[in-house]
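Top line first, the protein sequences correspond to chains E and W. Here our numbering runs 7 ahead of the position in the first sequence, where the first position is 1. Here our numbering runs 7 ahead of the position in the second sequence, where the first position is 1.
If you're looking for bench data, these hints aren't it; they were derived computationally from the structure. Any given hint could turn out to be false.
[Stated by the list, open to error] Incomplete in silico selection of chain E near chain W, CB under 7 Å:
1) Arg-81
2) Ala-82
3) Ile-113
4) Thr-274
5) Gln-348
[As the list claims (entries may be wrong)] Estimated spans, in silico, between C-beta atoms of each pair:
6) E:Glu-248 to W:Asp-415: 56 to 64 Å
7) W:Arg-142 to E:Ala-249: 31 to 39 Å
8) W:Pro-402 to E:Glu-248: 52 to 60 Å
9) E:Gly-95 to W:Ala-229: 25 to 33 Å
10) E:Gly-166 to W:Ala-347: 47 to 55 Å
11) W:Gln-130 to E:Pro-267: 30 to 38 Å
Since we're looking at a predicted model, the values are computed, not measured. C-beta atoms are modelled at their ideal positions from N, C-alpha and C, and glycine is treated no differently.
2 protein chains.
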Amino acid sequence: MTSSETSQIAPPHRLLMGPGPINADPRVLRAMSAQLVGQFDPSMTAYMAETAELYRQVLRTTNEATVLVDGTARAGVEAVLVSLLAPGDRVLIPTFGRFGSLLVEIAERCGAEVTTIDVAWGQVVALDLIEAALREVHPKLVAIVHGDTSTTMLQPLDGLGELCHAHGALLYADVTASLGGNPFEMDAWGLDAATAGLQKCLGGPSGSAPTSLSPAAVEVIAARSSVEAGLADGERSTPPEARIRSNYFDLGMILDYWGPRRLNHHTEATSMLFAARECARLLVAEGIGAAVERHRLNGTAMADGVAALGLELFGDQEHRMHNIVAVRIPDGIDGDAVRAQVLERFGIEIGTSFGPLHGQVWRIGTMGYNARPDAVLTTLAALEQVLRRCGFEAPAGAGVDAAIAHYDDRDDLAGRAGRAGPARSQEAP
Amino acid sequence: MTSSETSQIAPPHRLLMGPGPINADPRVLRAMSAQLVGQFDPSMTAYMAETAELYRQVLRTTNEATVLVDGTARAGVEAVLVSLLAPGDRVLIPTFGRFGSLLVEIAERCGAEVTTIDVAWGQVVALDLIEAALREVHPKLVAIVHGDTSTTMLQPLDGLGELCHAHGALLYADVTASLGGNPFEMDAWGLDAATAGLQKCLGGPSGSAPTSLSPAAVEVIAARSSVEAGLADGERSTPPEARIRSNYFDLGMILDYWGPRRLNHHTEATSMLFAARECARLLVAEGIGAAVERHRLNGTAMADGVAALGLELFGDQEHRMHNIVAVRIPDGIDGDAVRAQVLERFGIEIGTSFGPLHGQVWRIGTMGYNARPDAVLTTLAALEQVLRRCGFEAPAGAGVDAAIAHYDDRDDLAGRAGRAGPARSQEAP
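Just chain E, with the same shape it has in the complex (with noise of 0.2 Å):
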């Protein structure tokens, strides 16, 4: 390759109807376009501190501690874990899919003992399963999924936090793939910390982990932190075999630099800061609720339509999440060819599975911008389609007249949601 060979960006047109990354909202993307600052410039300062409080908003707490780390959502949760887990701490981790694992290899990174609960994938777990541990663990943190998007499944968590304070442990919940399309309160469910990311509900490039904690998990991470070499000597030292094991997710460092001390930490990372900001106002812009609403709305409308194309959904529909639904791949169906034909031949993204359910769903998602009527019927239209194109006969439009008919259900919902969706939410200015 040469440069002359290399031309500028131009990625083809997707719609992204899968789990996640999905299109961004061109907001979004056009705040990313607005030029640098200084990162102690008394603007960048004041859009670090109106970027907390935006998603203090969304997460629905008072936290002080309420910051972005820099990396994707998975940065979030590293952080959280190093920050909280010393070599030794028990964990208790319920799983119930992909990303449930991924919390016990990040803890067990940390050094840290993992307990597990392990359920179907399909099923959430059940909070007597998570008493009984806590009494036989007597973990020192109880870290859980909220959303998990290889299953689809979300799990309760209201009442958790109570039951793991009574037995002395904290509780973190990575909120990546729910936030922003299901009810969340971070403080009326008793969290101590949230991690999420901007490429689901929130309409944001992946590249950026939103990340509270709340005063008892500060104390914590105030205890095992301290100050790098240089920036206030002899402060807070911490003898090196005790400190955080990580110095980029070293929580206390990154609360020292976004608090009022503004400690010079990493380089913040302003055009993630400047998308991670307007994914935030956007969503407080139309209103926690109304967007909650509006994922609950297309994403049933997507379920109602695979159903009427002779589909079955996968899991347990009591506890999907409302912005993705999985789809049995039917028998005889070869799915990755169904969902390169849905990508080539209409630019359409739907998603493939991990583990158990390699090969067996494809997961279909409806979120963030794309949580969306028109979005949702163009997908069903071009999978009967493509459907019918490799065999399975799908009814001849069933699928986009259930949507249809679920929007027509709805005259109050459909016409909020339903003329513009979440390019209508009104602007702020």
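Assemble chain W onto chain E, guided by the hints.
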């Protein structure tokens, strides 16, 4: 704050002439506004492959293992150190500024046994000192900063790889601040690992860390790496206690994601990938040698200009980076007040400093998109005005005159760099 109070991103105009971040090239900002594609879309994997190839050209290497780490420059540093260094491994870190201390701090958190060679800020480390320490310490790795913005020094690396290899050590350099503005030859100088960032001479935003590994470094990492649970069961499984201590920074996993196996790891930060690709594309189109010469020319003009204003330069000028100069704050002048006036009156940012130099010097950068004569002359003109208003009698016009004389002395080069700078470089289709 309510949603109606939170407005669109609209940062004030700033000319960023500090140690970085600097203004991003507008073409890089535009690249980030491209819509997203799926993470395994053929266009996405092609962009990843092109980006890797472009960074091979920028880093002057044939290393297949050339990727982006999704985080700021510091994320790249930590990824290399935690992937190469197992607890108890010996690492030798020659240190001549703050970012050397950062290598020490991160290596300590990896559990490594750290030996440092410390020289006074403003100097570089003589190769014979490093050789003597290699004989004594027998480290697995030598980790060193190439250009340290805290002191403006550029550490000579030519010959160091050979020296390290003769003593059985790998060589890693953090080239964040130097790459693109100063000569760098990854393969010819025998480096086994190099990491960078976008926000210095590459003219992009912070948030992506180009990283390259020699085959010898890959071999060390492969022996420690593992495959995430659920992705390829049983394969290359490593007992938890022997695994790389981080999942996010496990370069073995990141190589499996970027490489032909395309094993899912994080969700690539697509917009930052687009930015990183555009930074490298523009640099390759300009020509690496031409870009280095542009930084030399404009950096020298700035240094000549501030000296002509009656200010004293800090540090060994024979070993100064092209892209930054440190200037002693004159006796009786309030350094922060000067910086504040330059920012508030003229919208120009110059840098403060850390550690032993705090309050002693300003740091003025000429890098990336801002390595342009108009940026140099504007900064000198504003600085002269502010110095005079703050009570320092800078000779009227002397700074700008000296810089212009420098440009005019070099008709051949000034013709190229003076008329348009980077914006005039040939645009590939």
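Hints versus structure:
Residue-level restraint check for Arg-81 (chain E) holds (minimum Cβ-Cβ distance to chain W is 5 Å; threshold 7 Å). Look at Ala-82 (chain E): its Cβ gets to within about 5 Å of chain W, closer than 7 Å, so that hint holds up. Here the hint on Ile-113 (chain E) is kept, as its CB sits about 5 Å from the closest CB of chain W, short of 7 Å. A distance limit of 7 Å between C-beta atoms decides the matter here; for Thr-274 (chain E) the minimum to chain W is near 4 Å, and the interface restraint holds.
Interface hint status for Gln-348 (chain E): violated, as the beta-carbon distance to the closest one in chain W is roughly 14 Å, over 7 Å. Our hint of 56 to 64 Å for Glu-248 (chain E) and Asp-415 (chain W) holds, since their Cβ atoms are close to 59 Å apart. Taking 31 to 39 Å as the suggested C-beta distance range, the pair Arg-142 (chain W) and Ala-249 (chain E) conforms, at roughly 33 Å. Checked against the hint of 52 to 60 Å, the C-beta distance between Pro-402 (chain W) and Glu-248 (chain E) comes to roughly 56 Å, which is consistent with it.
Roughly 29 Å separates the CB atoms of Gly-95 (chain E) and Ala-229 (chain W), a value that falls within the hinted 25 to 33 Å. The hinted window of 47 to 55 Å between Gly-166 (chain E) and Ala-347 (chain W) holds, with their beta carbons roughly 52 Å apart. The given range of 30 to 38 Å is respected by Gln-130 (chain W) and Pro-267 (chain E), whose C-beta atoms sit roughly 35 Å from each other.
In the structure shown, a violation is registered for the earlier hint numbered 5 alone.
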